[in-house]
Amino acid sequence: MLRIDRAIHDAIVAHARRDHPDEACGVVAGPEGSDRPRRYIPMLNAARSPTFYEFDSADLLALYKEMAANDEEPVVVYHSHTATEAYPSRTDISYASEPNAHYVLVSTRHEDETEFRSFRIVDGVVTEEPVEVVDETR
Amino acid sequence: MAIEVKIPTILRTYTGGEKAVEAKGDTLAALIDNLDDSHPGLKGRLITDDGALHRFVNVYVNDEDVRFTGSLETALKDGDAVTILPAVAGG
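Protein chains in written order, with the working numbering: chain A, 169 to 306; chain B, 5 to 95.
Looking at chain A on its own, in the form it has when it is part of the complex (with noise of 0.2 angstroms):
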């Protein structure tokens, strides 16, 4: 299960439909090991696509050499799919490398209703979990 603020949650869902029709991507990193959600780091997608994302390469080391100073690990992975449901494509199961991260989906493809949903990816098998979404997880 992810349990995740309903902050980070709104910010992930703001940052999906602020870049609708493109993909919108990012990460939430937590204490190692922790499995908790706690800081929110919206990305750029260097694709700039509707259909694919990619972490800008010098942004994606940043990233990680930050994560690595503060013992953090990536606990969410998310990105936006904008016109197809929000599960997880081919092209994402066979990047999936985090074999610790929730893989959070957004669909953007309707207007007035937004998919949330989040996944564990690992071997190339995704199973879906239940989200709950809590004011306060401190």
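By construction, these hints were calculated from the structure, which means they are not laboratory data.
A couple of the hints might just be wrong.
List of simulated lysine-lysine pairs, DSS-like, C-alpha gap at most 30 angstroms [as the list claims (entries may be wrong)]: (1) LYS10/B x LYS233/A; (2) LYS233/A x LYS28/B; (3) LYS233/A x LYS81/B; (4) LYS23/B x LYS233/A; (5) LYS10/B x LYS23/B; (6) LYS47/B x LYS233/A; (7) LYS10/B x LYS47/B.
Take the given structure of chain A and dock chain B to it, following the hints.
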């Protein structure tokens, strides 16, 4: 000559859980061969059957993405730091 190589979470099964290991090599290709000698299987996760760097990984030498410095032919010297990170991307 010793070069520190930072290993991402997903590849630490090959390094007994170590976040960083030491390896040797004059080029990135030689370093990866040396890494594979001490941690068998790692090379297959970094290099495709065609002998190119896998698109699912980013490799940096002293903070420079090797795609801009000659890829596997990137020259290495004692004291260089190599970082391997999974690309974060999808569709």
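Do the hints match the structure? See the list:
At most 30 angstroms may separate the alpha-carbon atoms for a hinted pair to count; LYS10/B and LYS233/A meet this at roughly 11 angstroms. The suggested pairing of LYS233/A with LYS28/B holds, with an alpha-carbon distance near 23 angstroms, which does not exceed 30 angstroms. At most 30 angstroms may separate the alpha-carbon atoms for a hinted pair to count; LYS233/A and LYS81/B meet this at roughly 22 angstroms. Restraint check for LYS23/B and LYS233/A: the C-alpha separation of about 13 angstroms stays at or below 30 angstroms, so the hint holds.
A threshold of 30 angstroms between alpha carbons decides the hint, and for LYS10/B with LYS23/B the separation of about 6 angstroms falls inside it, so the pair holds. Pair hint LYS47/B plus LYS233/A holds up; C-alpha atoms about 23 angstroms apart against a cutoff of 30 angstroms. Distance hint between LYS10/B and LYS47/B is fulfilled; the C-alpha atoms sit about 14 angstroms from each other, no more than 30 angstroms.
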